[in-house]
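In order, the protein sequences belong to chains A and B.
The first sequence lines up with residues 308 to 899 when you count with our numbering.
The second sequence lines up with residues 10 to 368 when you count with our numbering.
Please keep in mind that the hints were generated in silico from the structure rather than gathered at the bench.
A few of these clues could be false.
[Unchecked claim] Computed from the model, here is a short list of chain B residues facing chain A with C-beta under 8 Å:
{"hint": "1", "residue": "Asp104"}
{"hint": "2", "residue": "Tyr108"}
{"hint": "3", "residue": "Glu163"}
{"hint": "4", "residue": "Pro229"}
[Said to hold, decoys possible] To give a feel for the contact side, a few chain B residues facing chain A, derived at Cβ under 8 Å:
{"hint": "5", "residue": "Ala53"}
{"hint": "6", "residue": "Ser56"}
{"hint": "7", "residue": "Phe156"}
{"hint": "8", "residue": "Ala159"}
{"hint": "9", "residue": "Arg164"}
{"hint": "10", "residue": "Gln168"}
{"hint": "11", "residue": "Val171"}
{"hint": "12", "residue": "Pro177"}
{"hint": "13", "residue": "Asn202"}
{"hint": "14", "residue": "Ser230"}
Just so it is clear, CB atoms sit at the ideal spot from N, CA and C, and this is done for glycine as well.
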Amino acid sequence: MRSIPHVVAAVRHRLRVVSLLQAGLLLVGSLSPVLADTGLEAVLAAEQARVNTIATASETAVAIFAGAAGGGSGVLISPTGYALTNFHVVQPAGVAMQCGLNDGRLYDAVLVGLDPTGDLALIKLLGRDDFPAARLADSDAVLVGDPCFVIGNPFLLATNLQPSVSSGIVSGVHRYQFPAGTILEYADCLQVDAAINPGNSGGGLFNAAGELIGINGRASFEKRGRINVGVGYAISANQVRNFLGVLKGGRLADHATLGATVATSADGRVVVADILESSDAWRRGLRIDDEVVALAGRPVRSVNAFKNMLGTLPAGWRVPLTFRRGGRPTEIIVELAGVHTTAMLNDLVAGGRGTQPELPDGKPAPPPNPLAPDPADLPEAIRPLYEPRVGYTNFHFNRIELEHVLARLADRAAGVSREPWRYRGSLAGGGPFEIELADQSAQISLPTGVSRWEPAAAAAGLAAEAGFDASPPGSGGMLAALTIWRQLLLNGALETGRTSYWGQQPQASGSAAAGQLADVLTWTTAGSQARFLVDETGAIVEIIFSLSPTADPCQVRFSLPSERHPCWRPDRIIVDSDGRRFATLAVEEPAE
Amino acid sequence: MTTPFLTGLRSSTCLRQRILLSLVSSLICTAATWAGPSTAPGVAAASRVVKLYGAGGVRGLEAYQTGVLVSPTGHVVTALSTVLDSEAIDCVLDDGRRYAARLLGADLRRELAVLAIDGEDLPHFPLSPTAPRAAPGTRILALSNLFGVAVGDERVSLQHGVIAACVPLRARRGPHEAAYRGDAYILDCTTNNPGSPGGCLIDWQGTFLGILGKELRAEPSGIWLSYALPADEVAKGYAAVLSGEPPAVAAETEEGRGFDLRLLGLALVPDLLDQTPPFVEAVQAGTPAATAGLQPDDLVVALGERTVTSQRALRRELARLIPGDPVRLSLIRRGEIVACDLGPLPQAPPPAATREEAP
Numbered sequence: 308m309r310s311i312p313h314v315v316a317a318v319r320h321r322l323r324v325v326s327l328l329q330a331g332l333l334l335v336g337s338l339s340p341v342l343a344d345t346g347l348e349a350v351l352a353a354e355q356a357r358v359n360t361i362a363t364a365s366e367t368a369v370a371i372f373a374g375a376a377g378g379g380s381g382v383l384i385s386p387t388g389y390a391l392t393n394f395h396v397v398q399p400a401g402v403a404m405q406c407g408l409n410d411g412r413l414y415d416a417v418l419v420g421l422d423p424t425g426d427l428a429l430i431k432l433l434g435r436d437d438f439p440a441a442r443l444a445d446s447d448a449v450l451v452g453d454p455c456f457v458i459g460n461p462f463l464l465a466t467n468l469q470p471s472v473s474s475g476i477v478s479g480v481h482r483y484q485f486p487a488g489t490i491l492e493y494a495d496c497l498q499v500d501a502a503i504n505p506g507n508s509g510g511g512l513f514n515a516a517g518e519l520i521g522i523n524g525r526a527s528f529e530k531r532g533r534i535n536v537g538v539g540y541a542i543s544a545n546q547v548r549n550f551l552g553v554l555k556g557g558r559l560a561d562h563a564t565l566g567a568t569v570a571t572s573a574d575g576r577v578v579v580a581d582i583l584e585s586s587d588a589w590r591r592g593l594r595i596d597d598e599v600v601a602l603a604g605r606p607v608r609s610v611n612a613f614k615n616m617l618g619t620l621p622a623g624w625r626v627p628l629t630f631r632r633g634g635r636p637t638e639i640i641v642e643l644a645g646v647h648t649t650a651m652l653n654d655l656v657a658g659g660r661g662t663q664p665e666l667p668d669g670k671p672a673p674p675p676n677p678l679a680p681d682p683a684d685l686p687e688a689i690r691p692l693y694e695p696r697v698g699y700t701n702f703h704f705n706r707i708e709l710e711h712v713l714a715r716l717a718d719r720a721a722g723v724s725r726e727p728w729r730y731r732g733s734l735a736g737g738g739p740f741e742i743e744l745a746d747q748s749a750q751i752s753l754p755t756g757v758s759r760w761e762p763a764a765a766a767a768g769l770a771a772e773a774g775f776d777a778s779p780p781g782s783g784g785m786l787a788a789l790t791i792w793r794q795l796l797l798n799g800a801l802e803t804g805r806t807s808y809w810g811q812q813p814q815a816s817g818s819a820a821a822g823q824l825a826d827v828l829t830w831t832t833a834g835s836q837a838r839f840l841v842d843e844t845g846a847i848v849e850i851i852f853s854l855s856p857t858a859d860p861c862q863v864r865f866s867l868p869s870e871r872h873p874c875w876r877p878d879r880i881i882v883d884s885d886g887r888r889f890a891t892l893a894v895e896e897p898a899e
Numbered sequence: 010m011t012t013p014f015l016t017g018l019r020s021s022t023c024l025r026q027r028i029l030l031s032l033v034s035s036l037i038c039t040a041a042t043w044a045g046p047s048t049a050p051g052v053a054a055a056s057r058v059v060k061l062y063g064a065g066g067v068r069g070l071e072a073y074q075t076g077v078l079v080s081p082t083g084h085v086v087t088a089l090s091t092v093l094d095s096e097a098i099d100c101v102l103d104d105g106r107r108y109a110a111r112l113l114g115a116d117l118r119r120e121l122a123v124l125a126i127d128g129e130d131l132p133h134f135p136l137s138p139t140a141p142r143a144a145p146g147t148r149i150l151a152l153s154n155l156f157g158v159a160v161g162d163e164r165v166s167l168q169h170g171v172i173a174a175c176v177p178l179r180a181r182r183g184p185h186e187a188a189y190r191g192d193a194y195i196l197d198c199t200t201n202n203p204g205s206p207g208g209c210l211i212d213w214q215g216t217f218l219g220i221l222g223k224e225l226r227a228e229p230s231g232i233w234l235s236y237a238l239p240a241d242e243v244a245k246g247y248a249a250v251l252s253g254e255p256p257a258v259a260a261e262t263e264e265g266r267g268f269d270l271r272l273l274g275l276a277l278v279p280d281l282l283d284q285t286p287p288f289v290e291a292v293q294a295g296t297p298a299a300t301a302g303l304q305p306d307d308l309v310v311a312l313g314e315r316t317v318t319s320q321r322a323l324r325r326e327l328a329r330l331i332p333g334d335p336v337r338l339s340l341i342r343r344g345e346i347v348a349c350d351l352g353p354l355p356q357a358p359p360p361a362a363t364r365e366e367a368p
């Protein structure tokens, strides 16, 4: 099993000769008399529909050429020019590349985000805001036997920028393919018998409706050399969707680990074989020999099913995990750690290059890493769109996404009251509550007592974040979370710490939009950090605040009665910490 | 569609008609591919296909292949290969249930093996020795454990294609000629991959058409073949194994190997390796070998004064003899060296009529 590289120049000529011969054969004679005799109008209609579907999908196919470094395929997914391809295609190609579409034009393109483990990359074609774009389908709905087609640049044949099309059926779903080397793990992938050859890497796999169900990237090769033997694999569209936010944010994506390994027990159950005591799963109560029943909403019936599910998730997501101990099922929410450290990811991307020091005896320096170029060496069109930063593929795009989300927040928060915010209502467990949030203080009254937070005398405003505490007791820092929430909505930014765009993650289970992806902003300071989940309307639906890296976070969820409701007046606030519900607050005042 | 290339065409009008027809059938085929739901039989058939795990795992020899359930009580047909050369053969059903399989026997001519697992009421394809052959152009689905990508309850892989021809198989793998030289379906898609041998071939109505063969190259061209043993041949091989027919059939594998051991009434174990040791598999009654007292499991170590270390070496040495030369074999039987005199080498019978073949 190896991933597909790119160039097979010698084969190219031969293939052309073959296709010319076939084309010549097909020109002989006319179809009409036979068709009339056998009444095949329906066949012709089906054929025409298929031709149309392929014609539409072909407009989204990207031919990537990277000179001597080879090339591959890609597929456009937005009118603004975002296109998906494989990590292993852009790794040699670098930050700047030229991409051809079947309109016959070449476009400059810039690298945006990388997921080395998942073999995924996001690039952006430049020069238009009306690119044809493929629609990402729900790949979990794909069934074995479904027809499918592959569009791309096999053997780099598309020198005239016209992509090749091959058709087939889906041979298998939810396939697990072990990492090739240390990375390039294909989890939960689609297997097809449509021809995927070297050069098809990064191109689209489409269903019969012309929707994008996967990104082709791998094939089983063996004794016959590097040509298709009816067995190709594609990264599922659903995995792509999970990582798309991270990639758009210019980040270097990492995959998730539970911090625990599983094995099949003698009686066929999937049980925890080992677990790190530093993992969130351990903190939530998972132990060795517990039976893992479900992860992220999908049943786990085999070790492969577990690896499949985990392999499609970005590090940092919080997902439900159900385990059984002594016959009793328990559901916990676990925050998934990363498989790699930032340094490891940087090394993976550099492919070992650029990490060796230059030798003092005048020997040539190692070749430059195309994924971390000196911006001065980039083409003029690309230079303003590239900004290197550790832990990022291209920080320029993080700024862009951050601006987009902050602009959405500001729109939604237009007309927000600058007076102190006061809330009154009842707790789900009985009893009243009152909250007051002001610029320099926050207070909550609960039946159990009153908690108040004020910045330390030495500092003003949020600069006193070091003075945040976990009040009220047991909440993990609810007042601090509400204070930064107000600050963000009032000012459209946070004065201290660093705010950046993280990507997307699903909204917590139990909320109205559970499972739907929301944009995530992260706020990090020397001590505390927070994540804000911003939905499509620009409302903050969730805050996860951690007083310190080791403290249990406070998760605050806001529910709003409608899309136009003022976003600072939730009708319900749910607070969780340490795996438990701290409070459910029904807000009665102010009412809309 | 490879049909137009395979059909013998003589006149140009005939050519034009044939091409039109094949275009139409190709259109029907592709349109139907697009419609999709007809592949449902492939999904239904998956429960009758098993994943087999046995010996191998070294370079070029996979330790896994595929089998097809052919009885409700757990008979499995598969391709005879080195995977089965193991004390323990694991058989994993579509639902993930795992069984230990026993090798009941093999039809060496058809390179077909029959295994048994202890099951009841299992989904299966009943076999019939009179199963009709599918015509070239028939759309097929192939189900197999290719590349071992499916494990546990994961479904075997599904591929689609068309039967290009049904012709006598002439194939080899490296120096080894395929024993089976009867009719085989030649397929237009790459179905014969590592792990595919013993896979299931069905048509789009779900009818069982045959089992996938091994990874072999066509003898004249060296091209890798995708082929399957037709259902009627599978049924005949299955019946032969179950009836416990002695391996007279085994002797037929001697064709074209330099020296025909049938001349001496001798059958060796299947010659699967470069250096397969010349172990005796069977001895035919009333022949020089039987008269000289050769027994199954004897290991031939020398012919006359010349030592032989492989089946090929034995055949090479025998081929040097002329009729009337003495045939004296040295054997190892239960750890002891035994000398056996088979008398003078008999005259070879005239060659049997061979099948008509196009030049």
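Exercise. Looking back at the hints listed earlier, which ones does the structure fail to meet?
Worked result: 1, 2, 4, 5, 6, 11, 12 and 14
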